[in-house]
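Each protein sequence line maps, in turn, to chains B and H. Here our numbering is used: the first residue of the first sequence is 1, the next is one more, and so on. Here our numbering is used: the first residue of the second sequence is 503, the next is one more, and so on.
Be careful, since some hints might not be right.
[Said to hold, decoys possible] Part of the chain H face toward chain B, derived, beta carbon under 8 Å:
(1) Arg529
(2) Val552
(3) Asn563
(4) Val564
(5) Asp568
(6) Val571
(7) Ala573
(8) Phe591
(9) Gln595
[What the hints assert, rightly or not] So the derived label-pair ranges between C-beta atoms look like this:
(10) Gly337(B) / Pro575(H): 46 to 52 Å
(11) Val544(H) / Thr281(B): 53 to 59 Å
(12) Ser556(H) / Arg288(B): 28 to 34 Å
(13) Arg179(B) / Val544(H): 17 to 23 Å
(14) Val544(H) / Glu125(B): 54 to 60 Å
(15) Leu63(B) / Arg543(H): 27 to 33 Å
(16) Val65(B) / Arg543(H): 30 to 36 Å
(17) Glu47(B) / Ser556(H): 35 to 41 Å
It is worth saying that the hints were derived from the structure and are not from the lab. Glycine residues also receive a C-beta, built at the ideal position from the N, C-alpha and C atoms.
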Amino acid sequence: MTSPTLELVAYDDAVRRYDPVIGIEVHVELGTKTKMFCAAEVAYGGEPNSQVTPVSLGLPGALPVLNGTAVEHAIKIGLALNCTIAESCRFARKNYFYPDVPKNFQTSQYDEPIAYDGWLDVELEDGTIVRVEIERAHMEEDAGKNTHVGGATGRIHGAEYSLVDYNRAGIPLVEIVTRPITGVGDRAPEVARAYVQTLRDIFRALDVSEARMERGNVRADVNLSLRPSPDSPLGTRTETKNVNSFRSVERAVRFEISRQAGVLDAGQKVIQETRHWHEDTGVTTSGRVKSDAEDYRYFPEPDLVPVAPSREWVEEIRATLPEMPVARRNRLQAEWGYADAEMRDVVNAGALDLIEATVAAGTSAAGARKWWMGELARRAKQDDQTLEDLTVTPAQISALQALVDSGRINDKLARQVLEGVLAGEGDPEDIVVSRGLEVVSDDGPLLAAIDDALAAQPDIAAKVQGGNLGPVGAIIGAVMKATRGQADAGRVRELVLERIGQ
Amino acid sequence: MSTISRDEVARVAALARIDLRSDEVDRLAGELAVIVESIARVSQVATADVPATSHPLPLTNVFRADVPVPALPVADVLAAAPQQEDGRFLVPQILGEE
């Protein structure tokens with residue numbers, strides 16, 4: 001079913017006249033060594049169908065056995081999201097026919113999720129805290145990967161056939177479902193983005209997933225509906241599937257707000273459907289209309305027994321939970337003495353871990369920030385990279401700053417050393433030696449350069465002797481130039497004054 | 503008592519991709535009705551202190567250690583594939599999307 005193209009309503013106008021309500025489903029691939037129900041190895045980038053057992057292939061007679069580590073990870077996630085952990089829960093079969101599900105059903109939790117009724121505080125860029133209610137977090141398995149071959153666009157429509165790789169089939173997933181997020185108004189896109197980003201940070205802090213968006217470790221489905229006012233009943237929602245970057249989450253919500261406002265303004269009804277997100281054009285298009293033909297015939301999985309985490313086990317896991325990202329950020333900001341705006345910039349630049357590691361290696365918080373948010377941020381931006389992509393480690397930055405602090409190199413030389421580190425020439429110490437960048441601390445060459453400079457500008461010496469110290473700078477500049485920046489300017493000044501007899 | 507209509511049988515069969523002839527639909531409607539009614543009698547004896555269960559064995563928490571085993575050789579994985587290409591299963595054009 002295709003609806004005629006309607007005018008998009010300008011975002012500001014749309015949120016002035018309609019109240020957006022969002023709901024987000026996030027799937028995270030757990031970073032276990034093996035799959036959810038069989039011991040096939042999980043490793044990124046394997047040859048197609050090389051990480052498959054009879055269970056992940058759904059061969060007749062194959063029996064699933066649950067991965068205990070995956071259950072532990074799911075409980076960790078549940079606890080981090082302030083959920084209740086079920087006393088007992090079970091798996092169900094979600095039956096449907098699609099080539100990426102070789103068993104013809106997905107093993108998932110349905111009416112008995114392992115975790116439910118939680119919440120997560122999400123901090124927006126300006127420091128506003130929004131509490132997101134979590135309905136449930138349940139365990140399930142990932143599907144295989146279809147590649148559509150032929151056709152003009154490479155998407156499904158127009159494909160001549162598809163190729164299926166089952167390496168991903170059976171990878172443990174936890175799906176986290178929010179309750180409707182209301183009352184956020186025009187900040188809905190920002191809240192959606194911050195929520196997914198906060199979850200990503202939590203997955204990493206818990207060490208339950210690498211949580212790399214670009215690898216599809218974390219995938220978001222974004223539900224959105226509009227209503228005339230916060231007092232109105234919820235409107236009809238759409239579900240935009242597989243939005244896989246933070247920026248896209250924000251853009252997809254924004255787009256759907258403008259689009260649905262256009263539908264409602266035209267006096268039409270929003271159709272309850274799934275929609276596809278197009279990264280390149282920033283629009284969503286109609287996918288599958290929900291209908292009663294979509295009946296998954298859920299029933300309890302007879303091949304798996306219930307999961308009944310003992311309260312002792314849950315408390316043991318709770319005791320191992322690390323500090324949550326927002327708490328950590330607040331603690332680090334206090335320790336480092338950064339202003340709010342500085343801290344926000346650090347977080348947004350993805351420099352938090354890097355600065356923490358640099359400080360741990362012995363550098364001052366101010367020194368660490370100077371490098372990561374200054375020269376390195378500039379380099380990353382110039383090369384269109386993230387800070388983490390740069391070929392320099394926190395230990396190297398710490399060593400670099402230590403060289404500056406000890407006076408062996410100055411800031412200008414330090415930039416040349418950094419240059420060498422980024423070019424893969426080794427650690428700062430090696431580069432100082434190999435490039436000959438050490439500050440000239442031997443007075444001999446400095447005195448020679450000073451004498452040359454004074455001889456070249458005899459009038460300056462006279463002025464300085466006469467008590468006017470202003471022109472000393474010109475001599476210092478000439479010496480620095482002659483020593484290619486390797487002199488300590490303070491020492492040069494001392495020597496110049498001595499030489500002139502002041 | 504509950505009865506199972508022909509429409510319900512036909513719908514479930516379609517969902518399960520089972521192609522039933524008309525006489526099979528009639529027969530199954532009758533058989534399924536007997537099964538459903540038989541199971542319904544269980545609820546007459548079930549009391550509040552008998553919890554519903556999805557499994558006959560009194561077992562919980564059967565877990566496997568997270569240790570990999572060798573995977574099937576790719577040739578074995580693809581042995582029963584009607585068609586294959588580049589180490590993957592080749593399937594017909596997909597019309598719907600999940």
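Would you settle whether the hint for Val552(H) is holds or violated, based on the nearest Cβ-Cβ distance to chain B being less than 8 Å?
Result: violated, 15 Å to nearest chain B Cβ.
Under the criterion of a CB-CB separation shorter than 8 Å, is Val571(H) in contact with chain B as hinted?
At about 4 Å, which falls below the 8 Å cut-off, the nearest Cβ of chain B leaves the hint on Val571(H) intact, so it holds.
A closest beta-carbon separation below 8 Å is what the hint needs, so does Arg529(H) meet it against chain B?
violated (21 Å)
Assuming the hint says 35 to 41 Å, is it satisfied by the Cβ distance from Glu47(B) to Ser556(H) or not?
holds (38 Å)
Under 8 Å is the threshold here; is the Cβ of Val564(H) close enough to any Cβ of chain B for the hint to stand?
holds (5 Å)
Could you check the hint for me, namely that Val65(B) and Arg543(H) are 30 to 36 Å apart, CB to CB?
This hint holds: roughly 35 Å between Cβ atoms.
Do the beta carbons of Arg179(B) and Val544(H) sit within 17 to 23 Å of each other?
violated (35 Å)
Range hint compliance [Cβ, Val544(H) to Thr281(B), 53 to 59 Å]:
holds (56 Å)
Per the hint of 28 to 34 Å, is the separation of the Cβ atoms of Ser556(H) and Arg288(B) within bounds?
holds (30 Å)
Using the nearest Cβ pair, does Gln595(H) come within less than 8 Å of chain B?
Result: holds, 6 Å to nearest chain B Cβ.
With a cut-off of 8 Å, does the beta carbon of Asp568(H) approach a beta carbon of chain B closely enough for the hint to hold?
holds (4 Å)
Does the hinted range 27 to 33 Å hold for Leu63(B) and Arg543(H) at CB?
holds (31 Å)
Going down the numbered hints, you'll see the structure goes against 1, 2, 10, 13, while the others check out.
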